[in-house]
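A.B. asks: Each chain is listed here by its residues.
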Amino acid sequence: MSDPLTTDSLEIQKQLPLSDDGAGVLPTNTTPINGLVLEVKDLSVDYGWGEHAVRAVNAVSLDVHRSQVLGIAGESGSGKSTLVYGLTRLLRAPGVISGGDVKLNLGKDDQGNEITVDLLKASQRELRKIRWSQVSIVLQSALNALNPVLRISKEFEEILKTHRPDMSKSERRARAVELLAMVGLEEDRLARYPHELSGGQRQRIMIALALALDPQLVIMDEPTTALDVVTQREIINELSELRARFGFAMIFITHDLSLLVELADEIAVMYAGAIVERAPAGALYSAPRHPYTLGLLNSSPPLHGARVELEGIPGSPPDLAEMPTGCSFHQRCPYKLDKCVTDVPPLLPVDHTGRLVACWLHGGGVSVPEPLAQMVAFSATTKLHAPSAPASPNPKDVS
Amino acid sequence: MRMIARKLSLYALTAWVAITVNFLLPRLMPGNPVQTLIGQLTGRVTPQQVHAIELSFGIGLHQNLFHQYTGYISQLFQGNLGVSITLASPVSSILRAAVPWTVGLIGVSTILSFIIGTFGGALLGWTRGSRFDTVIPVATFFQAVPYFFLGTVVLLVFGSTLHWFPVLGAYSPTLTPNLSWTFIYSLIRYGELPVITIVLSSIAGWMLGMRNMMITMIGEDFVLMAVAKGLPRRKVIMHAARNAVLPSVANLSLAIGLVVSGALLVELVFNYPGVGNLLLQAVLNEDYPLIQGIFLVITMTVLAANLIADLIYLGLDPRTRTEAAV
Amino acid sequence: MKTLRLPRSPKVLLGLFIVGFFLILTVIGPWIAPYNPSATNFLPNLTPSATHWFGTTSLGQDIFSQLLVGARATMVVALLAGLVATALSVTIGVAAGYLGGPADEGLTMLSNVFLAIPGLPLLIVIDSYLPVSGRSNEYVIGLVISLTGWAWGARVLRAQTLSLRNRDFVEASRIIGESRLRIMVTEIAPNLLPVLASSLLFTILYAIGAYVTLAYVGLTSTAVWNWGTMLFWAQSNNAPLAGQWYWFVPPGICIALVGTGLALLNFGIDEFINPRLRASGLSGKMRRRSGLPRRPRLGFTPVLRTPRPTVVTARLSTSSSK
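In order, the protein sequence lines correspond to chains A, B and C.
Just so you know, the first sequence maps onto residues 1 to 399 in our numbering.
Just so you know, the second sequence maps onto residues 1 to 326 in our numbering.
Just so you know, the third sequence maps onto residues 1 to 322 in our numbering.
Check the hints yourself; a few may be wrong.
Said to hold, decoys possible - To give an idea of the chain B side of the interface with chain A (calculated C-beta under 8 Å), a few residues:
#1 189
#2 192
#3 220
#4 221
#5 222
#6 224
#7 227
#8 228
#9 229
#10 232
#11 234
#12 243
#13 247
#14 251
#15 314
#16 318
Worth flagging that the hints you see were computed from the coordinates, not collected in a lab.
The beta carbon of each residue, even a glycine, is placed where N, CA and C say it ideally should be.
Construct the entire structure; sequences and hints are all you get.
C.D. replies: And the structure:
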């Protein structure tokens, strides 16, 4: 199969019919080659520049396909939000992209050419065009993300007016009603102001807004953190259904791994600005390979199953301005080797299934501790409890 | 709506307080200066008018305080504000001639200042860090200059020396007030310098308030959301500005108070036939009935303006309308 | 205990400098004045010269001396009035915010009333009723000014107190059973300091304007020299039209400078209260050198022209799968 044509910014302008305000018509409902929507290669994001720059995201690579949910999990400060805001160029000052490549594949246009947008090289005009129509984002706090002085209907109006200038007023209204119904809300919510709605309703509206233009990629930044558990569950279920129905790619960020187990296809665990493990969701959950992942899994109680003793991870994440040498996790790791203190482990495949881990334990030549060498359970819906860490760090030899 | 009712009652209360203060003040001060001045009036005005003054100031009356008070209030509602001692004519008619000028001057200046200040402030907030920021210390300096001083300087430099603007008065002395275009043109020309003075002196407040609010708003998530939606830049600015302007409107009452104070002095400098001139002359001549009348009218007008501003705010910020979320 | 750092913003430093300068002048002004400001024994209407730096008035008084001596009264009355008014603001505002209920309603109504009635006309009216003895007492005038200038600060402080009242640390004190007064003084007051400082500066600004205006209109004693009185005499003797700029411009400029200094200080406090207002990041030159735009644009995160290499903290090269 031939590689998708990677066009630079100028070529995109030629291909897309642009009206005066730049609201060109982009392909919708098309599938990029291999279904690969987002390709991120070695993306690095700094805060500040010059000698005081702090690296917040360190050479992260990932890709997301249509109908796939990529979950990104990690503690606060791990860089997960910075990562997604950075790749969409929405990161506030003093954030700076300090390296890497981000490509968004949009599918074919009328002539059958693949359209790819290089997000890091795109101009403001291009960004404005693809924003929301191809990439939308659901911010963490819906109350803050909705303009307090505008009615909900206006939020929908704006999006549709900007990106679909050919729609009439009644068509826009109908579309808004349709979108609300999709997330289970009545039409009368349109006339309300944000402060008149409950948290769950607001978050649903955010989701409806995000899907308004049928984008290729939807990014969710901890959308359920502020909600109660029951509403959380409902929304996660709705997201699953919507994804199945419309086929968009989704990135779901959270600090709560248990949420991702059901929703995500693949999970990437971030620590101190880098990905430390990436695996299919079920595999990660039942058979983690990185000590940090193990720690995370042990920190949250399972909803079902036997009662277990909870353990946290001793210590706290490193200060990004003063990172430790070697592996960023070694100071808190129960399986630390001498090598871990001095050398940074690369993110490498750990078996032939495409799982990636950044840990010296799996580099060969060392026996892997038993909790990190479990067999993978193939049922993704099984809510297995994660294996517990041993009392002493003497690994049994499993291979 | 409960909110509106609350506002109205507050303003009614304030108006009542102003009236009562007006009533009590002369009675609280040691000695009663009006007593002696009454003598000047006899023979020039009707006995009822003299009685009106007596009621206002509590001279030579044998009723108790409460009766004086009720008498005073009923007098007020009949539109009787007493008689000016120096000008020997009813205060109400004197004021009727002067108030429109002041209201016009203040009204035009405030509106202009608000509009320019808010727009300027929004731009300054959005383009923060650019060359435009030099406007800030300049505007601050002008705000710190006393109104009358700025007026004098402006008058001298642009009026007398450079002759760019006509000076002194509200319209050309050769014309009489009518609705013709020449008169209106003259009105505008003569009004330019006073208005410019007031606008220059008051604009910094609006600008800075708006700028700071814009900067705060730009840090809010909903503005980032507007950008994420791919909206054109001016729509994003509108999102922020629409919220940033709210405190400015809420603070209108303070601003109007300050502008009124300044405008009175500006009238003095430019010989504008408004209430300011009258007040200061009255003070120098110890014409207490006139002072009282002017104070009352100024206060009532400012209260009315504040009420309007408050109602506008209610319309702008939906969060004030409903008490609780669903 | 936070250490006191000298503010870096040039605006604030300028403000400090100006205000400091005039404060010093307040103290030493009368001492360094070359002549008695009221002495009329010089030639009248002299333009600025070596012996009379700002010339003389129509009555033959040295203007420069008037300026220096006048600084004291102007500044002292303004400071006093500002302090008294702020004290009133704090008492009423904090009490209203903390006590809540009917006390709050009543006090709020009181401040709304005072806020709505325009300050200067009220001031003029009250002052005109004062007997001459009252008018020549600067303290009385200061008191009257503070009575008309406290309402705004009270409103601001009340709002701040309200937001502080529900914070956790106050709740904790309440639970332990500390008295309300003690809580107000030891817990809430320290956190109000920035807002308080800003309110104080603003009130002093207002007080200077009010005092000078009263003097200009002739409602204060002419025996006490202040910048407003200078303007009063200048106006009465038609100095502006006579072209004697050296008479009426200096006092006006001094007033404006003090006001500007106070306003600049207020900026500093604003920036301290609201961190978003602080200037962030490096200067424009440094940014351009690294290939970054001078002004960061929202929604357009800059991309470094030359990528900063992946952070290497060890001998091995790092990073992702290739």
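A.B. asks: Among the hints numbered above, which are violated by the structure, and what are their numbers in rising order?
C.D. replies: Checked against the structure, the hints that fail are numbers 1, 2, 11, 13, 14 and 15, while the rest are satisfied.
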